[in-house]
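What follows is the residue order along each chain.
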Amino acid sequence: MRFGLDDDRTAMRDAARELLARWCPPDVVRAAWEGRPDPRPWQVLVEMGATSVLVPESRGGLGLDETFLTPVIEEAGWAALPQPLTTTALVAAPLGVTDSMVATDMGGPLVPQAVIAEAFLISEDAGLRLYQREEVDIEPVVTVDRARHCGRVRPRGPGTPLSDDRSVIALAFDRGVLGTAAELVGLAHRMLDLTVGYVTERHQFGRPVGSFQAVKHHLARAQLELSFAAPAVTYAAYAVANGLRDASRSVSTAKWLAGQAAAVTGRAALQCHGAIGYTTEADLHLFLKRSWALSRTWGSSDSHADRVAASLGL
Amino acid sequence: MDLTWNQEQEAFRAELREWLERNLTEWRQQIGGVELSGDTREGFSQQLLWERRLHEGGWSVVSWPRRYGGRNGSLWEWLIFEEEYWQAGGPQRVTQNGIQILAPALFELGSPEQRDAILPRMAAAVDLWCQGWSEPGAGSDLASVTSRARATDGGWVLNGHKTWTTRGAFCSHLFGLFRSDPDSERHRGLTYLLVPLDLDGITVRGFSRLDGDEGFAEVFFDEVFLPCDAVGGGVVLGEVDQGWSVVVATAGSERGLLRSPGRYRATAESLVALSGATGSDRWQRRRIARAWMKTEAFRLQTLQTVTTLTAGGSIGAEASLTKLWWSELDIELHELALDLLGPEAEMEGVWSKGYQFALAGPIYAGTNEIQRNIVAERVLGLPR
Chain P
258 MRFGLDDDRT AMRDAARELL ARWCPPDVVR AAWEGRPDPR PWQVLVEMGA TSVLVPESRG
318 GLGLDETFLT PVIEEAGWAA LPQPLTTTAL VAAPLGVTDS MVATDMGGPL VPQAVIAEAF
378 LISEDAGLRL YQREEVDIEP VVTVDRARHC GRVRPRGPGT PLSDDRSVIA LAFDRGVLGT
438 AAELVGLAHR MLDLTVGYVT ERHQFGRPVG SFQAVKHHLA RAQLELSFAA PAVTYAAYAV
498 ANGLRDASRS VSTAKWLAGQ AAAVTGRAAL QCHGAIGYTT EADLHLFLKR SWALSRTWGS
558 SDSHADRVAA SLGL
Chain X
75 MDLTWNQEQE AFRAELREWL ERNLTEWRQQ IGGVELSGDT REGFSQQLLW ERRLHEGGWS
135 VVSWPRRYGG RNGSLWEWLI FEEEYWQAGG PQRVTQNGIQ ILAPALFELG SPEQRDAILP
195 RMAAAVDLWC QGWSEPGAGS DLASVTSRAR ATDGGWVLNG HKTWTTRGAF CSHLFGLFRS
255 DPDSERHRGL TYLLVPLDLD GITVRGFSRL DGDEGFAEVF FDEVFLPCDA VGGGVVLGEV
315 DQGWSVVVAT AGSERGLLRS PGRYRATAES LVALSGATGS DRWQRRRIAR AWMKTEAFRL
375 QTLQTVTTLT AGGSIGAEAS LTKLWWSELD IELHELALDL LGPEAEMEGV WSKGYQFALA
435 GPIYAGTNEI QRNIVAERVL GLPR
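Those sequence lines, one after another, are chains P and X.
Numbering follows the numbering used here, with no gaps: position 47 of the first sequence is 304.
Numbering follows the numbering used here, with no gaps: position 306 of the second sequence is 380.
Same shape as in the complex, but just chain X:
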């Protein structure tokens, strides 16, 4: 047990803190001082300016190898980055779907050519990736996807309908699962494809999330010809018909599994500050302290997890516990803020926005009901 950071890590933190302070100020001036939601078209372009600035500073993907635009940082540097980033009030990361979901799959199973072609452009926010998992008939039950990919001369023909694609209306590329073996069922016969969204036959329609922002999109594929080389290194990630194993391998990778406590800690601290501003009664202060303690528990549990991973251990189903914890915590923190604001909570603002965003947590990335099943069956070993 040693909870001190070494000199290099402290230097990393200091450099980052200084960079963030300067660049956030400059970026806010650049966008005219009004920061819009990254789930609107205008806000998205504001935040692309920020993402490109992050990349120029070398901070967009600190844990990636240098050749792809990273800093070769360990998970500890990643944790420090997240702590400082949210502490400094950095904006939401509109590039996260590519960085958190596709990149781990490329690191695990992509070819060197695919990595070289995709990762540097992803890190630089030149190519913007959205996910194509869910369909109208495939939510928690992802293995029931019906969008099809038919092999043809020099490529694939795609047909089908993806939906709940986060920021799909603003992205340039999609990664997703398509049924490549028409006679297959469930998780067999699926292929993981990489698809530029400007191909003929693709229609992207943005639609509103709960908060009214155009943060979702549905993507229609109508006899779309996807050439084999539409993405450098090839459009198939992993093997043909083996897309499910790519998803499983990605779900088991440490980068895909971890979520930093930094954002929640920053929210908890904002909540404490809000209490100072609005005033609070004893009962409210007690509730804030409880939420703060849960935030602290998340931080400590993450230190434990990163220690395990750094020592060569692995986490699997335990990641479901983390998802349950942060998703419930996020709602609790925001509910408390709304209670402090009282009748003014109904105004559009960071807390009402954040609350609506937090409400998605128990639903996306595997509903919390699915996560509890996973915990019961794979952590506790209860019978299926």
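For reference, chain P alone in the conformation it holds in the complex:
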């Protein structure tokens, strides 16, 4: 019995953390907001193998499982990476789609990163189909988080059938839910980090605002939600990687808890930043708006609670 990341997994997560700290600081997210997405954070992640963790070694991948990849995705959430790591590395790669940046409509009708993606995983009545960029029409959609580069995607070419097996499609969906939960945990973590830094620096009434009990209690609550959501994501990755019976329930649990953590932390972060947080000049909004989008895609919190209820025989 041993719960948590071992040295290998920690090393991989730390490598991603260092790369993202260097190549995906808030300025890079802001550039994406302004329609100038910087390709470098994606390139360095591809080079470190982040997009091929689940690809077998025989096909040039790392041949590892979800317990290695999920912590890396958490880091991508922390950085508010503008590119689709969950879809590419966790959803598409196990379906045999490698070597391209993939967007999908599996998490909702607005396709995130549609404007920058190279390939499209589209769910149709008959199953999942893959389209190349030249096979689709993309209608960009303005969303609250501009760095999501959302669009509506309409296939016009034939595409390639990927799978019509319901269990394969269900597992692909669960993987998307898992990755989104991991991103939400990373985002909650980032918002809490930013806020702890801010309330320690910011003085009012001659004291750091973080010394006031009301502020402390907001942030303690955020830390509480985060501390209990993170292990659920760790477990869900393990359950999916090992094909455990409760894998679907565990990803729903992780998504619900992570969504809760991000919502509580987001509100606390905004409140504790005060008026400076209510601007686009502070970095907080980059992470806050991402968390709003993610908590309502790949299944709402309510839909995941309902899935868990059903699995409990309720």
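It is worth saying that the hints were derived from the structure and are not from the lab.
No incorrect hints appear here.
Pairwise CB distance ranges (calculated):
1. A268(P) with E100(X): 50 to 60 Å
2. G261(P) with E187(X): 36 to 46 Å
3. E402(X) with T537(P): 29 to 39 Å
4. G261(P) with P139(X): 19 to 29 Å
5. M421(X) with A471(P): 31 to 41 Å
6. A351(X) with A567(P): 16 to 26 Å
7. E182(X) with A567(P): 45 to 55 Å
Beyond 10 Å from chain X on every Cβ pair, some chain P residues (computed):
8. A272
9. G292
10. L321
11. L352
12. S357
13. I373
14. V398
15. R409
16. R423
17. Q528
18. G531
19. E538
Stretch-level coverage of chain X by chain P, calculated; a stretch enters the list once three of its residues show a Cβ under 8 Å from a Cβ in chain P:
20. 75-86
21. 341-355
22. 364-376
As the structure is a computational prediction, the values presented were derived from the model and not from experiment.
From the three backbone atoms N, C-alpha and C, an ideal C-beta is built for every residue, glycine too.
Model the placement of chain X on the given structure of chain P, informed by the hints.
Just chain X now, with coordinates in the frame of chain P:
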């Protein structure tokens, strides 16, 4: 990451499960089938029968060394024990205050003689220990205790007033903090004393908790002579005037910090079953699922914590997060049950009882407001 139990642990679980099933049945027959609250005098004696049975089976303190009545189990065995115990519907543990609060202090700072004298009798539920922390003027602010201990020939003279002493009216011994240096303030000059409650000058008055059970007591000390050897190995735990450091050391020990998720998981499962029995609407089912997920999060977070501790790591202020989580969760689970019961929720029963008990969670062992301060200052590093 490996969430499988090894063969020994599986065998431990199987043996325990079988033992619990047989002994719970026998014990229920022994008490005539009606299980009373352990916070009443009659219920307490019922549960002593159970505690002694547990001890005879070797299950009362699985993580203690064998010489004191334990099984030398690791924290993993302790977790398995808790899971199985609550799953099987075992009664509340009326010996917990000694086992959870005093014993860790003895393991950390007690003398070998004290351990030999106290622990085996505690494990066997022969001596029953209650805590003497709070006073009318010292609740969350424990360092403001005013009960006094004056050194005298061959012992101590105690004066003062302790209160909110859980099950104090049914216990035989008290451990607590007394001001031994009359000129001291706050956390200095306090001594951690071990006191038999049958000494002359001690008056114990039980009083009702929120649910009406006599689960609390106040303890009055009026020129009580406490002989040095009233407890084997001596009545002072740690050093004279250094009682606060004993409390701090105990608060930092893993046994004192951990609370098993087993009880909450059992409650969540009972709630799911209750929903089947009473019927529920979609909104209620969603709320139950949410509470269930929080229970699951507690289980997973505990596995993570025990992994850290087993690898030689430590937890400190993080324990405050755990307390916030289970205390709020316990109320949520019981509120949901009462909502399912609807108008019948007002009847005396396990859920209304459990609800009132759960309401104590955010108050005792450091109110949740104190816990949030600890999280903010010691986990997040916010300025004091």
